Amino acid sequence: MTELLQQLINGLALGSILALIALGYTMVYGILRFINFAHGDLFMLGAFAGFYISPAVAAVLPGPSLGSGLVVLGLAMLICAVLGVVIERVAYRPLRRRPKLAVLITAIGISLFLENTGQLVFGATPKKFPEIIPVYPVLKFGGLSITSSQLIVLGVTLLLLVALRHIVLKTRMGMAMRALAFNPEAAALMGINTDWIVSFTFGLGSALAAAAGILFAIVYPSIDPLMGILPGLKAFVAAVLGGIGNLPGAALGGILIGVTETLVAGYLSSTYRDAIAFGILILILLVKPSGLLGKKEIEKV
Amino acid sequence: MNIRHAKTFLLGALALGFLVSVVASHFNSYWLFITYDIAINVILAVSLNLINGYTGQFSLGHAGFMAVGAYTAAVITNQFGDLNPFAAGAVFSGALLAGGALAAGAGLLVGIPTLRLRGDYLAIVTLGFGEIIRVIFQNMQGVGGARGLSVAHGWTDFFWAFGAAAAAVYVVAALVHSTYGRGFLAVRDDEVAASAMGINPVRYKVTAFVVGAFFAGVAGGLYAHSKQFITPGGFNFMQSVSIVVMVILGGMGNTVGVILAAVLLTLLPEFLRPIAEYRMILYSLLLVVLMLARPQGLFTFRKQGDAK
Amino acid sequence: MQNFLAPIQHARGISLIAAAATLFLTVFLTGCDKPASTPGAATGPIKVGEFASMTGSEATFGQSSHEGTLLAVDHLNAAGGVLGRKIELLMEDDQSQAGQPATVVRKLIARDGVVAVLGEVASSRSLEAAPICQQNQIPMISPSSTNPKVTAVGDYIFRVCFIDPFQGTVMANFARHTLHLKKVAVLTDMKSDYSLGLAKFFKEGFIADGGAIVAEQNYSSGDKDFSAQLTALKAVNPDGIFVPGYYTEVGLIALQARQLGLNVPLLGGDGWESSSLIPIGGVSLEGSYFSTHYSPEDTSAAVQDFVKAFRAKYNETPNAMAALGYDSAMILADAMKRAGTTDGAKVRDALAATKDFQGVTGKITMDADRNASKPAVILVIRDGQFKYVETVSP
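Chains as they are written, first to last, in the working numbering: chain V, 1 to 301; chain L, 302 to 609; chain U, 610 to 1003.
In isolation and in its complexed conformation, chain V is listed as follows (with noise of 0.2 Å):
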């Protein structure tokens, strides 16, 4: 019983952070209907940024404490916000009203080129991530372990969930957000400047990815240009599960992808990891392709 629920804190812990990724693929396809490749990788530049500003950031802010750490996370969040308005403009914007493969195989240079001149800048070796927040003991108690950083990670998705609820539902911005993603002629119609929401979006979504990018190098302090590749997938994976186009079904496939992998892989089998991620996408779309909260599309001839 012991191990089962080790197992579920671990496949929390994961699934938060997927669950971060998987809000901005969603948020994204709300509104353009395109999967952006890429998400992954901004993920990693998350990590990165926060690897370099860190030094700099404690050489002002005696560190390492929570403070810092949210300054850390803060601009690295900034960043990466930036990177996704500037990939955007430059590659998907005049695509699109191109057909979709188009987009989707930019993404897919995109992401290449990001992966690969990571490889170059930043060297292929692992780094270690420094510690931004202070790391307290262990939580032990009947035989569970529960660490700092998990429960950090856990707080700050809480918080960042929060926190975009409220910009979606209650701000200007998240209105013309959702009429875009409702209606995208009639928003157009309606006086809403469709190329500053998309824009906004893709910052957004890009900061919630640089997030998830520095909470995963609290957690597993090793960092590389590639890590992004597998938590971008798994967490594309957590966004159709739930319903792509729908934030609280982002949020709730990545802690059920996070548990159930942790699950199986240590009840059945890690060799089969990889492919779980897969199953669970290709089960989904055979059964319901709306995900778990989606609603069906019914397409018009």
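Be aware that one or more of the hints could be misleading.
As the list claims (entries may be wrong) - List time: in silico DSSO-like cross-link candidates among lysine-lysine, alpha-carbon distance up to 27 Å:
#1 U:Lys-996 - U:Lys-792
#2 U:Lys-791 - U:Lys-996
#3 U:Lys-758 - U:Lys-812
#4 U:Lys-917 - U:Lys-972
#5 U:Lys-946 - V:Lys-128
#6 U:Lys-792 - U:Lys-758
#7 U:Lys-996 - U:Lys-917
#8 V:Lys-128 - U:Lys-955
#9 V:Lys-140 - U:Lys-792
#10 V:Lys-127 - U:Lys-812
#11 U:Lys-996 - V:Lys-127
#12 U:Lys-922 - U:Lys-758
#13 U:Lys-695 - U:Lys-996
#14 V:Lys-128 - U:Lys-792
#15 U:Lys-812 - U:Lys-792
#16 V:Lys-127 - U:Lys-791
#17 U:Lys-972 - U:Lys-955
#18 U:Lys-792 - U:Lys-809
#19 U:Lys-955 - U:Lys-695
#20 U:Lys-695 - U:Lys-922
#21 U:Lys-758 - U:Lys-917
Honestly, the hints are just simulated from the structure, not real lab data. None of the values given here were measured: they were computed from a predicted structure.
Given the coordinates of chain V, work out where chains L and U should sit on it, guided by the hints.
Just chains L and U, lined up with the frame of chain V:
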């Protein structure tokens, strides 16, 4: 009249291939094997073109079919010791066909569940299938698993490679240019309209996958007997992406363009070896620039939407 | 524009174009190619080929290996070269991609005319290239491929590292007889040939010695989260865990094991050896053991000079792969000197006859299977450093 001419040319190509392979030992082996790579890539590109270009089913898992063909053919030929040229030819052709057949089976398995999916979803699911196939081979200890499989006979030579390529091109082109074949394009252009016209999209989509997978399997078999060592990792997503790039570069649905793209993309890395460090970076930039500047491919000159 | 292309839109035209294009290319490429300078020519630089994974998923290993090899070539040339001629190292990147080693090694041999080939780190890529070197009678030395099958390809294929049966047994004996462990769990990297091989022989050796393997779990190179597997291992209460993987994952594994309350010693092989291991694993690695080629505390001139020179050139401490890359080049040079020529067959014979060659990775003697027979060193991690424990001779 056209078909008869086409058959003559196919036989001519096979004869040519045979002649060249007889004098092959005089050629520099490095370049000779590059031509095998070219032929294999041509087969892969043309077969994917049938699925992606002509039928509009965006498949990102083509390397999976290649893997099935490679492993099947390798396992079959590994059962035999040294054989005289005629026996070797018989066994090899049998192995290649078996590889193709099993790959076609895999194509069926992938094609059927994906019938209802479109665009992005289809792409990701086919990617998933490709990865699942790879993971299966990685765990199949009987064929070496992650440690790889040695292929005892390096039977791929110019005749086989070139001949198979000519055959693949012929079959795919003949299929698409036939009256039946118009259905592929109809399904690509507008599936709902096509079915309203009495064309069964299911049949065409599945046929595209099966035929495409068959030739990918044959290409896999040729690959296995050229490199003489295969690992599951060699049939990963990156491999699928490189085939997709050939189809995109050549122009989806443009057979000649795709062939030229396959040749170009096999040769270009060889000439870029001095800057090999930057190769992947340039490759990925090429992809982006291509999509932004010339999404119809480098070798397509007709307006989009023209029937061929 | 349309009419121009109409004739080639038909099936026959396509076959014609395809036939013509490929044939033209073949003739152009192969016929016109300048023949490479004959290997074994007696003047000019000695061309030695190297293939490594400089980019791609295993770039970190290929780069380390290459750095060591390059340093060796620098040293050799600074000392006047071999047989009075400079060594020219021709390195090709195989991008960690299957299918590439065959192409690049063919290029090195057929086009560049190298007299010998150094490579590769990964056994699967060595296995792809070895038959080509064997067929062309070009000696090939792998710095760190551990799958026994590599040298079995033919008598021109050598290696300077341990093979799995030896290293696996070394650690099994150590675990059993020195640490007195009875129940051990094994955590293998199932994507790595090296890891699978080492695990297999460790298990066999440990069980043959009366020990018990209580649990086995797997992971993949590139994974960051091992909590699921470690939790499962913890449930069976092992005395120790054998982790025959690479430093890229071992650091995190140690970290997560301690976080879960799994405090038993970890054991491993030479894949652990890297200056990146301790920064990532930190205090979690204290009291863990691994086998490798040399100890950094080794005061012998050979090792110290090597480490110093490596630090001077690359600003980092060499790891096992860099050291093996260095030795692969040095042993080749030594064999050429003894053979008095760069002729493939003679160099092959000289390599096979290598006895007590003092490399930085130990005193190497080539055994009958062309594998390096040399002692292994077991290190422990204490106070954040690698410290020497004992030497095990074959």
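Hints, one by one, checked against the model:
no.	hint	result
1	U:Lys-996 - U:Lys-792	25 Å, holds
2	U:Lys-791 - U:Lys-996	24 Å, holds
3	U:Lys-758 - U:Lys-812	19 Å, holds
4	U:Lys-917 - U:Lys-972	20 Å, holds
5	U:Lys-946 - V:Lys-128	43 Å, violated
6	U:Lys-792 - U:Lys-758	30 Å, violated
7	U:Lys-996 - U:Lys-917	18 Å, holds
8	V:Lys-128 - U:Lys-955	47 Å, violated
9	V:Lys-140 - U:Lys-792	25 Å, holds
10	V:Lys-127 - U:Lys-812	32 Å, violated
11	U:Lys-996 - V:Lys-127	23 Å, holds
12	U:Lys-922 - U:Lys-758	35 Å, violated
13	U:Lys-695 - U:Lys-996	38 Å, violated
14	V:Lys-128 - U:Lys-792	32 Å, violated
15	U:Lys-812 - U:Lys-792	11 Å, holds
16	V:Lys-127 - U:Lys-791	35 Å, violated
17	U:Lys-972 - U:Lys-955	22 Å, holds
18	U:Lys-792 - U:Lys-809	16 Å, holds
19	U:Lys-955 - U:Lys-695	19 Å, holds
20	U:Lys-695 - U:Lys-922	20 Å, holds
21	U:Lys-758 - U:Lys-917	35 Å, violated
Of the numbered hints given earlier, the model fails hints 5, 6, 8, 10, 12, 13, 14, 16 and 21; all others are met.
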